[in-house]
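Keeping their order, the protein sequence lines are chains A and B.
Per the numbering used here, the very first residue in the first sequence carries number 1; after that it's consecutive.
Per the numbering used here, the very first residue in the second sequence carries number 1; after that it's consecutive.
Treat the hints with care, as some may be off.
Stated by the list, open to error - Each computed DSS-like pair below joins lysine-lysine, with the alpha-carbon atoms no more than 25 Å apart:
no., chain 1, residue 1, chain 2, residue 2
1, A, Lys140, B, Lys43
2, B, Lys72, B, Lys43
3, B, Lys144, B, Lys36
4, B, Lys43, B, Lys154
5, A, Lys160, A, Lys140
6, A, Lys140, B, Lys13
7, A, Lys160, B, Lys50
8, A, Lys140, B, Lys156
9, B, Lys114, B, Lys154
10, B, Lys72, B, Lys156
11, B, Lys13, B, Lys43
12, B, Lys119, B, Lys67
13, B, Lys154, A, Lys140
14, B, Lys206, B, Lys13
15, B, Lys36, B, Lys13
16, B, Lys43, A, Lys160
17, B, Lys36, B, Lys198
18, B, Lys156, B, Lys114
19, A, Lys140, A, Lys24
20, B, Lys206, B, Lys154
21, B, Lys72, A, Lys160
Calculated directly from the structure, the hints in this document are not laboratory data.
Since this is a predicted model, take the numbers as computed values, not measurements.
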Amino acid sequence: MIRLEINGLPVSVEEGSTILEAAKFLGFPIPTLCHMEGLSPYGACRLCVVEIGEGDRAKLVSSCTYPAEEGLKVRTASSRVLRARRMVLELLLATCPQSKVIQDLAAQHAIRQQRFKQEHEDCIQCGLCVRMCEEQMMAKAIGFRGRGEDRSIGTPFDIKSDECRTCGGCMYVCPACQLRCTYNEPDKAICGGCANIAVPCVEKDPFDDMMCFMDPCVACEIQKD
Amino acid sequence: MNPSEQVILRDVKSIVERHSGEHCDLIAILSDVQTKYRYLPEKALRMVAKETNRSFVDVYGVATFYKHFSLKPRGEHLASVCIGTACHVRGAPSVTAEFERQLGVSDGETTPDKQFTLKTVNCLGACAMGPIVVVDGHHFSGVKADDTDDIIEKAKNGFDQVNIGSDRRIFPIGVRCLSCNHSLMDSDLPIDGFPSVKLTISFENKHGWIRLSSLYGSYSYESEFPIPEDEIVNFFCPHCHTEIIGAMNCPECSAPMVPMSVGGGGIVQICSRVSCQGHILDLSSNPV
Chain A
1 MIRLEINGLP
11 VSVEEGSTIL
21 EAAKFLGFPI
31 PTLCHMEGLS
41 PYGACRLCVV
51 EIGEGDRAKL
61 VSSCTYPAEE
71 GLKVRTASSR
81 VLRARRMVLE
91 LLLATCPQSK
101 VIQDLAAQHA
111 IRQQRFKQEH
121 EDCIQCGLCV
131 RMCEEQMMAK
141 AIGFRGRGED
151 RSIGTPFDIK
161 SDECRTCGGC
171 MYVCPACQLR
181 CTYNEPDKAI
191 CGGCANIAVP
201 CVEKDPFDDM
211 MCFMDPCVAC
221 EIQKD
Chain B
1 MNPSEQVILR
11 DVKSIVERHS
21 GEHCDLIAIL
31 SDVQTKYRYL
41 PEKALRMVAK
51 ETNRSFVDVY
61 GVATFYKHFS
71 LKPRGEHLAS
81 VCIGTACHVR
91 GAPSVTAEFE
101 RQLGVSDGET
111 TPDKQFTLKT
121 VNCLGACAMG
131 PIVVVDGHHF
141 SGVKADDTDD
151 IIEKAKNGFD
161 QVNIGSDRRI
171 FPIGVRCLSC
181 NHSLMDSDLP
191 IDGFPSVKLT
201 ISFENKHGWI
211 RLSSLYGSYS
221 YESEFPIPED
231 EIVNFFCPHC
241 HTEIIGAMNC
251 PECSAPMVPM
261 SVGGGGIVQI
271 CSRVSCQGHI
281 LDLSSNPV
């Protein structure tokens, strides 16, 4: 067992667990976006930042990738942490303002305004879909391509991958919920999004006043046609 | 160039085989594939993935990550114009514009005759000498817009053309067999105007003579049988019939090197792969 201090409370956790796991186990809430049980930690969204160390040596680390260490002093909700998290969320919201997941997180963190230009990207590059495809679906049909501002997720050459079984796993985990593995024929995809969040927009008529946050919702688009 | 699937499969297989056992070999393999085709064809990427037991998306990810790799066919000559900050203030925009005008293509494109590919790069690390232009590995510093036609002309004629006799990088050497110390020089059939190095080779159950140019830096040879490209052949001394094989592998392609002693002391080693130009001349070491 490893003894460490979380928010001033001395606790002991099993060896090999991360700060996030330790904090969750003990009931300290840490918001996450790119973390999912069953997938390897990735540390992409930086939403789970916590402060470790003391005084001048205090620093922010992503708790989902940082292992619990003997004698570590962790603060999960210091003002510095909250400020960093709000900034991360504001930036995520500017990248992907249509995402319900990010909107909810922003609301929880009392973000009332947007200071950055909205980009309306369909991806925040959290890598959830890539890990889902590889680690749970054993397909490895999608991955990261390019680098820097040209970095994107998708199949090689944007053509249908032989490995893809259109399982919908990538859409199920996607916080921005746009299509990944379906390349340029979204109507051939199984839209897991609507089904999983019980918005029965497919049956109801008219669609215009539906509170569907999928933009564009594949199911609705198909119905309109 | 549009190679067929079988050709690509054969080439990729031989490249992967050459790198087998290496740790982190993917970049080296892709680099070799690109050297072969001047770009990375989709079929070749698929085969690299298959041959190295990687997923296609991983190979594609690496190929798109590095600027060195190109997924679009490139021309025979690659002109990289630096547009970094230092080169920019020293006049890179006019150089770029002149290259674009003369070649009739814009950044990242290839001329229709597949001769030139123009590419802008962000920094080549020689800011004090800017604007820098690199064509086929040859650097030009302080380039002005007037110089572009000269550079293009030079590239078309080939940078590696050397003038035998006047170029000091080219000189004849006399070699001997390391085991019997018999001279391997043959003045009956000169190559490049100098006595040739006569050896016996064998490959694919064929056995015959080969005459290499004795000029260090020349890769001319004549042989009894035509040797397929990329073939690794075994070399024998025509006098003592010992196989000439060294302990070293070629630094370029990792085929075995063939050592011979140089008159006046030292050892010259040449690569046993036909198309490879790997060679080492070491005048300090004594024949073993």
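Checked hints:
1. Of the supplied pair hints, the one linking Lys140/A and Lys43/B holds, its CA atoms being roughly 18 Å apart against a limit of 25 Å.
2. With a CA separation close to 13 Å, the supplied pair Lys72/B and Lys43/B stays within the 25 Å bound.
3. A hinted pair counts as satisfied when its Cα atoms are at most 25 Å apart, and Lys144/B with Lys36/B does not qualify at roughly 33 Å.
4. A C-alpha spacing of about 34 Å is found between Lys43/B and Lys154/B, which places the hinted pair above 25 Å, so the restraint is violated.
5. Taken as a hint, the Lys160/A and Lys140/A pair is honoured in the structure, with Cα atoms around 13 Å apart against an allowance of 25 Å.
6. Proximity of Lys140/A to Lys13/B is assessed by CA-CA distance (about 23 Å); at most 25 Å being required, the pair is judged to hold.
7. Only pairs whose Cα atoms come within 25 Å are accepted, and Lys160/A paired with Lys50/B is accepted, the gap being roughly 17 Å.
8. Straight-line distance between C-alpha atoms of Lys140/A and Lys156/B comes to about 44 Å, which puts the hinted pair past the 25 Å bound.
9. Between the alpha carbons of Lys114/B and Lys154/B the distance comes to roughly 17 Å, so the proposed pair stays at or under 25 Å and holds.
10. Our distance criterion of 25 Å between C-alpha atoms is met by Lys72/B and Lys156/B, whose separation comes to about 21 Å.
11. The suggested pairing of Lys13/B with Lys43/B holds, with an alpha-carbon distance near 13 Å, which does not exceed 25 Å.
12. Note on Lys119/B and Lys67/B: the hinted pairing holds, with a Cα-Cα distance of about 11 Å set against a maximum of 25 Å.
13. Between Lys154/B and Lys140/A, the direct Cα distance comes to roughly 47 Å. Violation of the 25 Å bound is thereby established for this hinted pair.
14. Only pairs whose Cα atoms come within 25 Å are accepted, and Lys206/B paired with Lys13/B is accepted, the gap being roughly 24 Å.
15. For the given pair, Lys36/B sits about 13 Å from Lys13/B by alpha-carbon distance, which is consistent with the 25 Å threshold.
16. A hinted pair counts as satisfied when its Cα atoms are at most 25 Å apart, and Lys43/B with Lys160/A qualifies at roughly 15 Å.
17. This hinted pair does not check out: Lys36/B and Lys198/B have alpha carbons roughly 30 Å apart, beyond 25 Å.
18. For the proposed pair Lys156/B and Lys114/B, the alpha carbon gap of about 12 Å is at most 25 Å, so the pair holds.
19. This hinted pair does not check out: Lys140/A and Lys24/A have alpha carbons roughly 30 Å apart, beyond 25 Å.
20. Between the alpha carbons of Lys206/B and Lys154/B the distance comes to roughly 41 Å, so the proposed pair goes past 25 Å and is violated.
21. Proposed proximity of Lys72/B and Lys160/A is supported: the alpha carbons are some 20 Å apart, at most 25 Å.
Checked against the numbered hints given earlier, this structure breaks hints 3, 4, 8, 13, 17, 19, 20; the rest are met.
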